[in-house]
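All chains should be built: construct the whole structure from the sequences, respecting the hints.
From first to last, the protein sequence lines stand for chains A, B and C. Be aware that the first sequence starts at 0, since it is given in numbering that gives the first Met the number 0, and climbs by one per residue. Be aware that the second sequence starts at 0, since it is given in numbering that gives the first Met the number 0, and climbs by one per residue. Be aware that the third sequence starts at 0, since it is given in numbering that gives the first Met the number 0, and climbs by one per residue.
Some hints here could point you the wrong way.
Computed footprint of chain A on chain B, listed as stretches where at least three residues anywhere in the stretch have a Cβ under 8 Å from a Cβ of chain A [stated by the list, open to error]:
hint: 1; region: 52–62
hint: 2; region: 80–86
hint: 3; region: 168–182
hint: 4; region: 197–205
hint: 5; region: 221–230
hint: 6; region: 233–241
Lysine to aspartate or glutamate pairs mimicking DMTMM-like chemistry, simulated, CA-CA at most 20 Å apart [what the hints assert, rightly or not]:
hint: 7; chain 1: C; residue 1: Lys167; chain 2: C; residue 2: Glu151
hint: 8; chain 1: A; residue 1: Lys101; chain 2: A; residue 2: Asp37
hint: 9; chain 1: C; residue 1: Lys139; chain 2: C; residue 2: Glu159
hint: 10; chain 1: C; residue 1: Lys177; chain 2: C; residue 2: Asp193
hint: 11; chain 1: C; residue 1: Lys177; chain 2: C; residue 2: Asp202
hint: 12; chain 1: B; residue 1: Lys225; chain 2: A; residue 2: Glu256
hint: 13; chain 1: C; residue 1: Lys139; chain 2: B; residue 2: Glu164
hint: 14; chain 1: C; residue 1: Lys21; chain 2: C; residue 2: Asp1
hint: 15; chain 1: C; residue 1: Lys139; chain 2: B; residue 2: Glu259
Okay, the calculated bits of chain C under chain B, using three or more residues with CB under 8 Å as the criterion [unchecked claim]:
hint: 16; region: 71–78
hint: 17; region: 89–100
No lab work stands behind these hints: they were computed from the structure. All C-beta atoms in this analysis are idealised placements derived from N, C-alpha and C, irrespective of residue type, glycine included.
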Amino acid sequence: MFRQLAARFGGPLSAAILALLGIWLILMVTLPQLQMIDYSLRPNLLPDQRGGPEDGWTLANYATLFANDIHRAIFFKTLWSSVLVTLLTLAVSYPLAWYLAKVATPRQAALCILLLIIPFWINEILRTYSWFIILAFRGPLNELLLMLGLIDRPIRFLSGDGGVMVGMVYAYILFMVFPLYNAIESLDDNQVRAARDLGAGTLRTHRRIVIPHAKPGIATGCIMTFMLAAGSYAVPALLGSPGSRWFTQIIYNWFFEGGNWNQGAAYAFLLLVLCIGFMSLVMKVFKVGLGDIAK
Amino acid sequence: MSSQRLMALGLRFYVVVFFAYLFLPLIVMAAATFNDSRFPTVTPWDGTTLKWFGELAADGAMWQALTNSAIVATGVLLLAVPIGIATALFLNTVQSRAKPFLYALILSPLLTPGVIIGISTLIFWRQWGVGGGIFLTVVGQATFIAAYVMLMVTARLQRFDRTMERAALDLGASQWQMFRRILLPYLRPAILSAAVIAFLQSFENYNTSLFVVGYDTTLTVYIASKVRTGLTPAVNALGLILILVTVLLAAAYEFKRRREAARVAGV
Amino acid sequence: MDGSVRLEEVVMRFGDFTAIDKTSLEIGSGEFFSFLGPSGCGKTTLLNMIGGFLTPSEGRVSIGGEPMAGVSVNRRPTAMIFQNLALFPLMTVFENIEFGLEVRGVDRRTRRATAERLLSLVALEGVGARRVTELSGGQKQRVAIARALAVEPRVLLLDEPLSALDLKLRQHMRSELKAIQRKTGITFIYITHDQGEALTMSDRVAVMSAGRLQQVADPMTLYRQPATGFVAAFVGENNRIEARVIDRLGERVRLDAGTLGELEGRVGDEASLGGGAEVALYVRPEQLRPVAAGTSGDASMGGSTLVAEVESVSFEGAWLMVQARLAGSGEALRVQLGSEVSRSFADALVPGEAITLGYDPAETVVLPRDDGPQVDEATGEVVEATDV
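The following block contains the structure:
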């Protein structure tokens with residue numbers, strides 16, 4: 000490989016290229032991950048105990064999750080909630096993606112895309128925070144509902160998982176809209192017209208024609224949304240309550256409150272496995288490859 | 000046919016509601032900046048005021064966090080952009096059976112949850128005695144931002160006509176001269192765009208930074224911590240300012256991008 | 000300045016595909032030399048070997064008497080005009096032309112003076128400050144030439160430079176290139192698949208096919224004395240008649256052409272063509288002239304006649320192209336009749352009409368059969384030789 004590089008760029012530059020690549024892939028990407036896995040397999044020892052008889056590989060840290068009822072519950076809650084968030088986001092994004100790809104004129108679509116992107120240039124924290132204000136106990140949403148007479152007493156949106164999930168849908172919606180948009184856009188308009196022409200209603204047209212074609216986009220969007228949701232810290236931290244902790248928050252606690260990095264590493268690795276597992280599952284079910292996901 | 004019309008109308012209505020849903024929270028947050036109420040809200044409205052801007056300006060910790068964010072973003076620029084360029088050149092030049100594997104490895108930071116990147120970086124550098132701080136934050140963020148840089152540079156690199164390299168060599172240029180005078184200038188628009196994106200992504204990063212900032216808090220980490228402890232509409236003031244800056248930058252970027260696209264269309 | 004190029008037993012292999020097969024060649028300093036052949040014949044590969052973009056699998060390349068082994072592209076005394084020109088789009092015309100000088104460390108004043116001089120050489124004064132993307136095709140072409148000349152190469156390599164231009168421009172550029180070559184005295188090595196270009200511009204042409212040189216000679220020799228069946232068919236139009244040698248006297252041979260009777264032709268130096276040899280007789284369309292029917296043994300015509308049936312006639316101004324079928328063998332025959340034929344004769348040439356043609360054997364060429372690649376007369380494509 001060095002030879003191929005040197006043939007084009009000469010020796011010194013090629014060495015620099017390989018050095019930078021090596022620093023990145025080895026020092027920043029691979030080794031830290033391996034180190035994390037190593038940590039997860041070791042017990043949390045005091046400095047003078049390291050290298051001693053107790054230091055060795057063990058699955059104790061992983062066992063802790065399954066032994067601890069609360070943590071186990073939170074792990075699975077994170078899993079199901081992330082799935083729910085993904086499905087919600089999909090449902091909310093699909094009509095918009097359809098509109099952008101097939102219904103809007105090119106100018107309308109360009110405008111809409113610009114309008115979509117602007118909020119997303121703004122910090123995730125701020126966007127989540129803005130929901131914090133709306134969902135507050137004496138916030139505008141409650142006031143509005145009270146005013147309309149739909150409720151008698153304000154609802155505590157910010158306790159329980161509801162607020163967190165709404166916040167997540169809001170935060171990650173763009174990661175679903177764009178892959179969907181790209182996938183639907185490539186569908187030949189005439190196919191839809193043909194379906195209508197042959198008598199299919201809207202629902203059936205979507206179910207049989209559009210959705211199968213958009214499968215790669217749906218898969219990509221779901222993968223991204225799930226991984227963002229499962230790995231999200233800001234949203235649950237800002238919109239959640241102690242009763243609705245997210246798995247990432249537990250991981251954080253192990254590092255900065257419990258001081259047990261080994262335990263934290265094990266939990267983190269489990270989170271990673273969860274994400275990879277979901278990704279592989281979706282890729283298999285939708286028959287999508289890694290190259291399709293490159294944005 | 001009428002049900003078609005109904006559906007079409009319904010779709011348009013949906014789109015409008017969608018965008019309202021998208022922008023409303025931000026408008027509410029911005030509005031709350033001016034409400035003279037200790038808890039950030041628009042209801043009830045206790046009188047219009049600008050005092051929260053004052054409180055913000057007086058917040059030393061905020062200025063420190065802002066400075067830290069700027070330092071980190073600059074560091075990320077200096078680290079991630081060269082790495083991204085090098086990787087793009089590598090992928091564009093080398094043919095090898097190992098390429099699919101390498102490509103997966105290169106894209107993996109984009110798919111890894113930010114917290115995992117932060118955690119693994121934190122753990123790895125502990126063995127060298129390096130704890131959380133500016134350095135670690137730069138390294139952690141650069142790990143995945145470099146991938147974005149690579150993608151943007153590659154997009155432009157792939158459209159490069161390599162005959163020009165041969166022409167440059169044929170005219171007597173050394174390989175370094177060819178790189179510096181022909182290839183690099185060609186890549187300049189992509190590199191600049193990537194640098195801007197890298198800077199902005201670094202600025203707004205939270206998940207990874209959370210684990211590696213140590214005591215050198217960045218702006219986003221600071222905001223998040225303020226929301227949970229010591230919350231006042233000063234946070235809204237900061238948010239409003241950031242929104243305005245972001246929108247202006249985004250508009251300027253888009254504008255420049257469209258002009259660039261028209262100009263290099265013939266290249 | 001010695002701009003001669005020598006190739007000694009050069010071979011080029013890509014994996015198990017041999018692109019160039021044991022080729023030796025000498026090109027004189029200051030020559031306008033062309034490689035002519037169909038796509039894929041290897042002419043671009045040879046050019047790349049001379050320019051240093053490819054290293055020969057075997058053999059030696061020398062320029063100006065100096066061996067070029069191990070000499071990289073940027074240090075060879077050559078400059079190439081690429082097919083797609085490869086002008087640097089982000090630079091102005093001046094910057095493009097001055098590039099080669101800039102990388103050699105020439106100072107700004109000298110660079111600019113050289114660039115101006117070259118721009119007037121290629122008749123493009125005044126456009127120096129413009130960006131190359133604003134120029135027309137012909138202008139870009141000239142900038143490419145000026146850019147290459149700026150580094151004072153001993154050999155200029157031109158890779159089908161005119162193929163992207165329209166007809167008028169192409170013809171104009173041909174004479175321009177020739178003029179520039181004469182003025183500068185640089186060796187021009189030109190590759191093309193267009194015979195018109197090769198024949199009109201070159202001092203010598205190498206006709207190539209499937210990695211081998213078929214013949215290297217000046218244009219007139221190639222046309223009048225093709226050395227192989229491929230050259231005879233590829234250069235210009237030719238009619239090919241298969242026959243067997245009856246006997247031979249010096250240059251003249253008598254042939255048994257089967258159903259076409261006895262024919263006479265001229266042989267080159269091909270010593271091996273004795274009695275019984277299987278040959279092909281090549282008669283060009285313009286060498287066939289109408290004779291009275293039933294004529295044979297006409298002394299002025301040398302005695303050989305062909306009878307054919309007219310298939311179609313097309314009037315092309317200066318001449319009449321007749322597509323016919325030989326009586327007896329049914330093979331195609333193309334005849335080019337000039338203005339000497341009378342109007343009434345021309346009008347009588349309707350499809351189905353029989354026509355008798357004679358030719359002067361001294362103008363023809365007889366070559367051994369099974370000569371390697373052939374040109375399919377019907378489609379113009381190159382096909383591999385088949386054993387007869």
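Now for the hints, and whether the structure bears them out:
1. 52–62: Coverage by chain A is violated for the region 52–62 of chain B (0 residues, Cβ < 8 Å).
2. 80–86: holds (count 4)
3. 168–182: holds (count 4)
4. 197–205: holds (count 3)
5. 221–230: That given contact holds, which follows from 4 residues of the region 221–230 of chain B lying within Cβ reach (below 8 Å) of chain A.
6. 233–241: holds (count 4)
7. C:Lys167 x C:Glu151: violated, 29 Å
8. A:Lys101 x A:Asp37: Violated. Lys101 of chain A to Asp37 of chain A sits at ~50 Å, over the 20 Å cutoff.
9. C:Lys139 x C:Glu159: holds, 14 Å
10. C:Lys177 x C:Asp193: holds, 16 Å
11. C:Lys177 x C:Asp202: holds, 10 Å
12. B:Lys225 x A:Glu256: Measuring from Cα to Cα gives roughly 19 Å; hence the hint holds.
13. C:Lys139 x B:Glu164: Answer holds: Lys139 of chain C to Glu164 of chain B is near 18 Å, not above 20 Å.
14. C:Lys21 x C:Asp1: Measuring from Cα to Cα gives roughly 25 Å; hence the hint is violated.
15. C:Lys139 x B:Glu259: violated, 24 Å
16. 71–78: Check passed, 6 qualifying residues.
17. 89–100: Holds: 3 residues of the region 89–100 of chain C have a Cβ under 8 Å from chain B.
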